[in-house]
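Turn these sequences into a full structure, and let the hints guide you.
There are 2 protein chains.
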Amino acid sequence: MKKRRILIVGGVAGGASAAARLRRLCEDCEIVIFERGAYVSFANCGLPYYIGDVIPEESDLLLASPKLFRERFNIDVRLHNEVLAIHREQHVITVMDRTTQQTYTEPYDALILSPGASPLRPRLPGIDLPGVFALRTIPDSQQIRAWIQEKQAKRAVIIGAGFIGLEMAENLHHRGLSVTMVEMAPHVLPILDDDVAYYAEQHLLAHGVRLHLGDGLTGLSHDEHQTLVVHTQKGLRIEADIVILAVGVRPETTLARDAGLQLGERGGIHVDEHMQTSDPQIWAVGDAVEVQDTLHRSALLMPLAGPANRQGRIAADHIMGRSSTFRGVQATAICGIFDLTVATTGCSENILRKMGHTHYEKIYLHPSHHVGYYPGAKPIHIKLLFDTNDGRILGAQAIGEAGVDRRIDVLAMAIQMNATVFDLEESELCYAPQYGAAKDPINLAGMIASNVLKKDLPLAHWDQLESNALLLDVREMHEKTDAFCPDALQIPLSQLRQRIHEIPKHQPIRTFCKYGQRGYYATRVLLQHGLDAANLSGGLLSFHATHSRLHRT
Amino acid sequence: MKKRRILIVGGVAGGASAAARLRRLCEDCEIVIFERGAYVSFANCGLPYYIGDVIPEESDLLLASPKLFRERFNIDVRLHNEVLAIHREQHVITVMDRTTQQTYTEPYDALILSPGASPLRPRLPGIDLPGVFALRTIPDSQQIRAWIQEKQAKRAVIIGAGFIGLEMAENLHHRGLSVTMVEMAPHVLPILDDDVAYYAEQHLLAHGVRLHLGDGLTGLSHDEHQTLVVHTQKGLRIEADIVILAVGVRPETTLARDAGLQLGERGGIHVDEHMQTSDPQIWAVGDAVEVQDTLHRSALLMPLAGPANRQGRIAADHIMGRSSTFRGVQATAICGIFDLTVATTGCSENILRKMGHTHYEKIYLHPSHHVGYYPGAKPIHIKLLFDTNDGRILGAQAIGEAGVDRRIDVLAMAIQMNATVFDLEESELCYAPQYGAAKDPINLAGMIASNVLKKDLPLAHWDQLESNALLLDVREMHEKTDAFCPDALQIPLSQLRQRIHEIPKHQPIRTFCKYGQRGYYATRVLLQHGLDAANLSGGLLSFHATHSRLHRT
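These protein sequence lines map, in sequence, to chains D and H. By the count of this note's numbering, the first sequence reaches residue 1976 at its end, each step adding exactly one. By the count of this note's numbering, the second sequence reaches residue 1976 at its end, each step adding exactly one.
Keep in mind that the hints were calculated from the coordinates and are not lab data. There may be inaccurate statements among the hints.
Which copy is meant is left open, because identical chains are indistinguishable; a pair holds if it fits in one copy or across any two.
[As the list claims (entries may be wrong)] Here are the simulated lysine-lysine pairs, DSS-like style, with alpha carbons at most 30 Å apart:
# : residue 1 : residue 2
1 : K1490     : K1801
2 : K1937     : K1577
3 : K1903     : K1928
4 : K1928     : K1425
Below you can see the structure in the form of structure tokens.
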């Protein structure tokens, strides 16, 4: 009997994952991976840290060699072999061996496309000047390292302040370069909402990173000293010894498109829930495919390693006759920014608005990552979005020095399982003084949101204040040291009951304190006295975060 | 209209939580907390760390003062006031003011009991000798600190190696004392399974803590130099400068029992899902009540701060006419042991066996807390228990230097939401190199368990080996450096396909490697060659953990 031949275009996460799974399911298939680069499986997520010398050796980035694939999985890996064309009717691909420039063909019974995505390189003047880099591969990182060393680079400009841009900022700073970032969006980390990104911006500024937001690259040039100059839409001229382009990636669809495979509305390869393309003998996985978000089932491109790995596994299963399905992406992501962590899962408010989702509410809270009495407690700034019809959790963002990954992972699991804020209220999570609190930040988020849905806690937001609202600051007098604080009637919570007659009866009262908790207590008192009260979610801290946006736009 | 009077017996977690919630729901109730001690709300979970000087100031432990309760919540806190009796028919309690020794009565419309639990102090010879302490209150911790300082204590013996015992071991070690532990159970942390507790034991031993397991206290005495001597069932005589009793707590039920309230089968106060006792005007919360576990709905005593806080809130809701219910306890717990973290949620295997649960399986895995190529990766030892009928997660235990709290919290949420191992396989969790892996330990656990349930991965366990089984060690030759390793046929995975004829055909083959992954690959190869193969879960690491038990019992 003829052996079944399964060919895979592209290694790294999706392709390698599919290949290994295929072998486990089928010992007597022939499996070949064609990789046009020099590495079948490398740690692309580690590249910024290799540039930053945090990961000391290039060899650390190599996850699996062709030898390992051969010995462990009996898989034939062909490096420097580029697949040029798919002849779907003949079930054959054309491959070029880049070392010999010879082309040859290979027949397949099943074909998996895992070509990945390539960094966007906008066609702007000077974009190809020496010293302008994008980062996707090990050779890219080698070139960047070499350039920094040879040119003794001191000034870096990073175009794009998404995850990769920020990781590059941290690592170049770590190598002693001064860093300037240019971001088209009005805030860093466009995947987040601006009122969460605010904390990241403050942290970057505190580390001396210069931010030019709401500004875009128009081109690059050399000045009279052959120094690179970055030009922006707002007319800035920024001198640089090195420029990093981190403005996103584009799915590699040439092969698929040329073969007449259906592409999706976002330009990625279209696949069904089994990762099968429009051709029933071809599957596609990883950054090149278009996926659906789990909440709205809308198409998106989401180049993430976790989903790519799962997709590889699912494609392999399906090829072997199993019914595994990809449930879509939830958009869980995390990024380190110096000693700060920012993470998100589910939808941002920005996305909810774009999707026309009207029945949602948001809360802000700023709990410590563990009890305050144990040394080293750090605040986590959390934004939680939930459905006001049923309490279902729609999305969460968090930022802080500790405990952020843990809380977002819990919320990622909660969203996956369709949990509501009432479930968060009841969660039983790890608690000892150095690890959390008897009321974990997750419980607090659930309690606050639950109070909102049960109408125990009417909520107000700094950017939606009624014009006739009276702000009531319930902090104690000794706390009033903020230079930057909205005008407000000041009645400390501890005096509120005695001084309640000072509060006007026929005006909306909007309470606040530093974080929001005492404002909630005050709102409860006022409501029970028949007043129209609501608490400003997140207190004064969220005022600052929101205010930054109001200034910006 | 007469104000509604709600009286609360006992402050700290449950009582204080109920009081604050009551005030938020009812501004014009009269709320009184009676606390026989000197503190209405203190951080009892912080006491070991105060003894260890990790928490430097006693004042750090005081969470809320009577003044704060009065000013913020208009709640009357009466310290040093002990409730002596409940006169249920008259709806009155008798209280003694311990400062004046005067008794008085107070009528109530609703009564909340939050008396807590007291440390067990077995009636053994010498148990009241000076230098023998239990730890529950701030005065206890003051006395322990004073004794250590005055006596220049060098040698501590801790009776009981549960969470409190281990926290005391860490903190006394931190203060420079040598520590010996005596534990009745055959392993430390009896709430865990022995094959997970094993790692904690190794860690304690590495820090110089002496362990006497499967041995109990029979009494204490003074020798001729007035040195304390601990006597054990196995006949040990251990000299000590200080002895800490950490053998558990007993619910404080005197008041409830004397008032004729129903007690539960475990000896705690019986309450319904609204925390209401057998008297409809009396509620009870916290360590004194008997709760149900969420999985089997069996009665248990589970003195944990998180559930106590939730119970206080629920009792308050119910008193105010709301229908909030307590969903039971899941038994999530965590403990720091020097720089190691151990945590658990749901059922242990030991509990499943006791409950007669037969359709479960267990897997062991030892993934890194983040990708290996990023510096600082630490292994997490995970044991996952799941139902073989439906894949539902039954319990999880984990231990390691980093990332343990996060994974157990994710699994706690998964268990709460009735997730299956198939859900874990599909979870989308935070990944960047310094935070995790594209296949997070949670995903790996799900994949392994899913493979087991789908019969792709027949599983074997070191303690259930068939007598005719052939062990197959598939590690590479250069790894064979373990002095302590079971006899096995050695065929490295990389040579397995070529040497498959060396493997006997009519014998069960049980594969293993270091962690279990390559053993799985090998099992897949063997199965597809028609052999009776199964993989030893957790590999050689789990052999060591299991072996330690086999030696022990």
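Going through the hints against the structure:
1. K1490 - K1801: Between copies only: 27 Å across chains, 46 Å inside a chain, cut-off 30 Å.
2. K1937 - K1577: Classified as neither: same-chain Cα gap 40 Å, cross-chain 46 Å, threshold 30 Å.
3. K1903 - K1928: Within one copy, since 25 Å is at most 30 Å while 81 Å is not.
4. K1928 - K1425: So K1928 and K1425 pass the 30 Å test across copies only (26 Å; inside, 86 Å).
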